[in-house]
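So the protein lines, in turn, are chains A and B.
The opening position of the first sequence corresponds to residue 0 in numbering that gives the first Met the number 0, with each subsequent residue numbered one higher.
The opening position of the second sequence corresponds to residue 0 in numbering that gives the first Met the number 0, with each subsequent residue numbered one higher.
Just so you know, these hints were derived from the structure itself, not from any lab.
Listed below are the simulated SDA-like cross-link pairs for lysine to any residue, each with C-alpha atoms no more than 25 Å apart in a straight line: (1) A/K358 x B/A19; (2) A/K90 x A/I51; (3) A/K701 x A/D668; (4) B/K58 x A/A517; (5) B/K58 x A/A316; (6) A/K90 x A/T133; (7) B/K58 x A/L322; (8) B/K58 x A/E404; (9) A/K607 x A/G633; (10) A/K311 x B/A85; (11) B/K58 x B/Q43; (12) B/K40 x B/A1; (13) B/K40 x A/P441; (14) A/K358 x B/D11; (15) A/K42 x A/E99; (16) A/K158 x A/H171; (17) A/K311 x A/V244; (18) A/K271 x B/A92; (19) B/K58 x A/E518; (20) A/K311 x B/R84; (21) A/K438 x A/H354; (22) A/K438 x A/T317; (23) A/K438 x B/A103; (24) A/K311 x B/Q86; (25) A/K438 x B/L38.
The model shown is predicted, which means the values in this text are computed figures rather than measured ones.
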Amino acid sequence: MSAAPNPDFRTLFEAIPGLYLILDREFRIVAVSDAYLSATMTKRSEILGRGIFDVFPDNPDDLGATGASNLRGSLTRVRELRLPDTMAVQKYDIQRPRAEGGGFEVRYWSPLNSPVLDEHGHLLYIVHRVEDVTEFVHLQELGDEQQTLATQLRDQKAKMEAEILARSSELHEANEALRRQAAIHNATLEGSADGIAMLDLEGRVVLANNALDRMTSAILGEQEQPLAGTKPFGAATAQVAERVVDRDAYLRGLERIEAEPEAQFVDEYELKDSGRAFVRFSGPVRDGAGEMIGRIISIREVTTERQAERLKSELLATVSHELRTPLASILGFAELMVERQPDAETQTRYLQTIHGEAKRLTGLINDFLDLQRIEQGGFRLALAPVDLAELVSQQVELFSGQSSEHELEFVLNTDSLPVVAEEDRIAQVLGNLISNAIKYSPGGGRVQVVVDAVAAGVRVSVRDEGLGIPAGQQQQIFQKFFRVDSSDTRAIGGTGLGLALCRELVEAHGGRIGFESAEGEGSTFWFELPAVTQNRNGERQRVLVVEDDRAMANLLQECFAGDGFAVEVTAHGEEALRLVQQAPTALVCLDISLAGKLDGWEVLGSLKANPATSRIPVLICTAGNNSTQAAVLGAADFLTKPFSAQQLRETVARILPENAGLVLVVDDDESIRSLVVGALAGAGFELREAADGEEALLAVAKERPAAIVLDLMMPKLDGFAVLERLSEDQELRQIPVVVLTARRLSRSEREVLRTGAVSLLEKSSYSAEELRELVRLAAAPLSSAG
Amino acid sequence: MAATVLICDNEDVLRALVRATLNHGAYELVEACDGDEALAKARQVRPEVILLDMMMPGKTGLEILAELRTDPDFASTRVVMLTARAQESDREAAIEAGADRFLAKPFSPRELELLVDELLGECV
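Generate coordinates for the entire structure from the input sequences, incorporating the hints supplied.
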C-alpha cells in the first residue's frame, strides 16, 4: 500500500518518538504522542479532552511537590507572552495505573512549552515536550561509582550542555520580551492621571506611580517620600484620614480593605480644607494561576466634576426657588378669584398682583434666555441715539414707586449725554443695578443714581448704603450664578444672573462695568458708555472757539457740541494761545476782533509761528472780508458772518483731515434718498446712492462703503435680501448697516436684523442729527458698538 | 377667641396671599417679614399656628424652628414650613427640625386653609 498524498498527521504525530502533549488555551489535552502515554503509564482515551492538571496532579504523598504549580506558571507565561518557555528539571511523580498496583512512581522531567500561533499571532495551542531524565538524575545521584555508566553519562552531559545552551538563549529572548512588557506597563502606569498603588499581601506598597506621590504630597501638604517601598500603605492613609471631611467613613473603607481582601469596592472622600474630592477604587490582584498576590488601589481626583455637579444642583434649587415664588402668588391669587369671587375692588388688587408677579417671572425667564443667547453668540444690538438723562430718570422714577423704605435720588452732573445704544438694554442694565442696590439695602436707606461725564464717555453710577460685598467675594461678583453669601444676604432673592448679564450687555455696547464696595458700608456699581463722537483714540475731538461776542460764542459752542466735539470758549487771544498748548486741539475757530490786547491776526500769526501749534487748522469767522489775508497767514478757511450752522458744519467737515468714510444710501424713494443725503452732507461723509437692492449690491461690489443706510421695502431686491446677500460674504458682512424703517417691525423681523452688523432707526420721523450720529458711529473705524 | 396665625415671609406678595386666604374672620393674623421679627412676634402673640418661610433674612426658617422647639412655651404651637425650595431634602430637613407640615410654593390657598384648620383641630 503506497503512502496517501495527504499524510494522516494525527497518526504521524502520535507515532513520533518523543514525549509530546498538545494543549489548548485552557490547558486541556487535545493530542498526545504514544511515547508520552507509555512514559506516563496512561491511556489516550482516558486523558484526551481533560485538563493536564486533572490528569497529572502533584503526588499527594510528596508535600514538597511543586511540579504542577511550576508547570502552570510556565504554561501561563507561554499563553500570555506567546513565547517558548523552558522549565528546569522537574520532579513530577507519575500515577501508576491501578492495574499495576496504583500509587506514584518517582520521575524527573525536563519540559519545554512552546506556543503555536495563528496568522494573527493569536495562541492556538501549546506544545508541551518533555524528556524523561529520571535515569540521568539517578545516575547523577549514584555518582561515578559505576564506570560502565560513565560513558553514557558523558554523552548525556554533552547532550544536556547543548540543550542548556539552546534553552538559555530562549530564556534570554523571553527575558527581553519581559523587559519590553515591563517598559510598556511602566509607561501605562506613569501615563495615568490616577494615582495607582500596588500592595502586597502584608499591605506594603510595592509599586506606586508618580501621580499617587503627587496626590499624597498635595493632600498631606508636604513633600512626602515616594510611597513605594518606604512604609506600609496604612501609614500614609492614617495621615490622610485626619484631613478628610468624614474621617470615620474613610477609616471604615480602609478596614474593609483589610477585612475583605478579595472584595472590589469604590468609595469617595473629600478633604476638609481644600474641598478636593477623590474616588478610591480597590480590588485584588491575582497572578496567572489565579492566586491572590496583593491589592491594587487606584485614586482619581474628581474635584472638578463634583464642583460642576454641585453648581448645577445649586442652580437648579435657585431657579426652582426663583420661579416658584412668583408662581405661588399668580396661582394663589387666581385661585382666590375663582373660588371666592371677591368684590370688584379686591379683584382689581388681585389682578394687579398677578400681573406684577407674571411680569417678574417673565423678566426672570428673559434673563436666562438673554444670557444664553449672548453666550451662544449671534447677539446684536439694535442701536439708536438714546437720551441717557431721560432713560436714567425714567428708571429712577420706576423704582421709586416700588420701595417705600428707600430714598432714590438722581444726580445729573453733566448735560451733554449723546450715546448710541439699545435703549431697552441700557434700561435693563440700570434697572438691574438699582434693583440690586435696593435688595442689598434691606434696612432701607438712600440709593443714588449719578451720571457723570468721564474721559471714556458717560458714567452712570448706582450708590447704595447697604450690606456691601465681603472682600473675599468681590472677585466673583460678575460670575454667572454667583450670589453673595452671608447670613444677611442668604435670603435675598435672585438668580445670580443679573450682574453677569449686565456685564455682557455693557461690554456689547463697547463700554465697561465695575464697582467699589466695602462690607457693611454699601456698594457703588457703575457702567460707562462711550460718547458718540470720538476720534480714533476713542476721545472726543476738542474745538477751541475764540470769540468776544457772547451770543456768537454760544451759537458756535452749541453747533460744535451738537456734533459731538468737546468745546472750549475764550474771548481773549492770550488765553487762546495758552489753552491751545494745554491739550490736543483739533480746530481753532477764531474771530478777528477780540477782548484782549491781541487781535485775531496776531493770534493766527503766533499759532502758525509756533511749531507745536502750527499744524492746528484755524477757521477764521469774522464780519469782515479779508479772506486773502487769512489765506496768506495760514488759516485753513474763512467764514463771513452771518453764516448758517449748515455752512459751518460743511466747512469744518472740509477742514478736519479725518474723512468720515464712504456711505451708500439705498432707498427706492428718491425724495427720501435726497433727505438722507442732505442730512449726511457736510458731516465728512463721501456719499453714494442706490435706488434698489440690486443697484446697492453692484455699488458695494464696486467700492466697499464704510457704512450703508438701507431702506427695507424696495422693489426687485428688498432690504432683507440685501442683508442676506451681504451676510453670505465673509468680508461684506462686516459693513455696518443702518436700517431706516417708518413702521414698527415684528419680533421675527427684529430677530433677523439682529444677525447682522445692523443698527436700527425705527421711526416715522427722525432728526437729521439723529441719523448723522448713527451713521457716524457705524462708519467709525473703531465703532464701539458690538 | 379667634386662633392666632403668625405669617412669616420676607416676600410682601406672599404674605398678602396668605392674608387674603385666611382673612375671613376665623383667625387673628399677624405678620413678620424676617427671621428676627418672626421670633419676636411669636413670643409676643403666642400664635397657635406659625407659617414659616424657610429662607428669610436674619434667621432662617429652620433656625427659628429649632429655637421654638427648645422653648417649652411653644410645645403645642403648630408650625407649617413654607418654601419655594421644593427638593425632597428640604422637606426632610423641615420635618426633622420639628415642622408639623411642609407646604411647597406654589401652593393652593384652599390647601393652606384646610391645613391650618386641620392643625387648629389638633390643637383643641
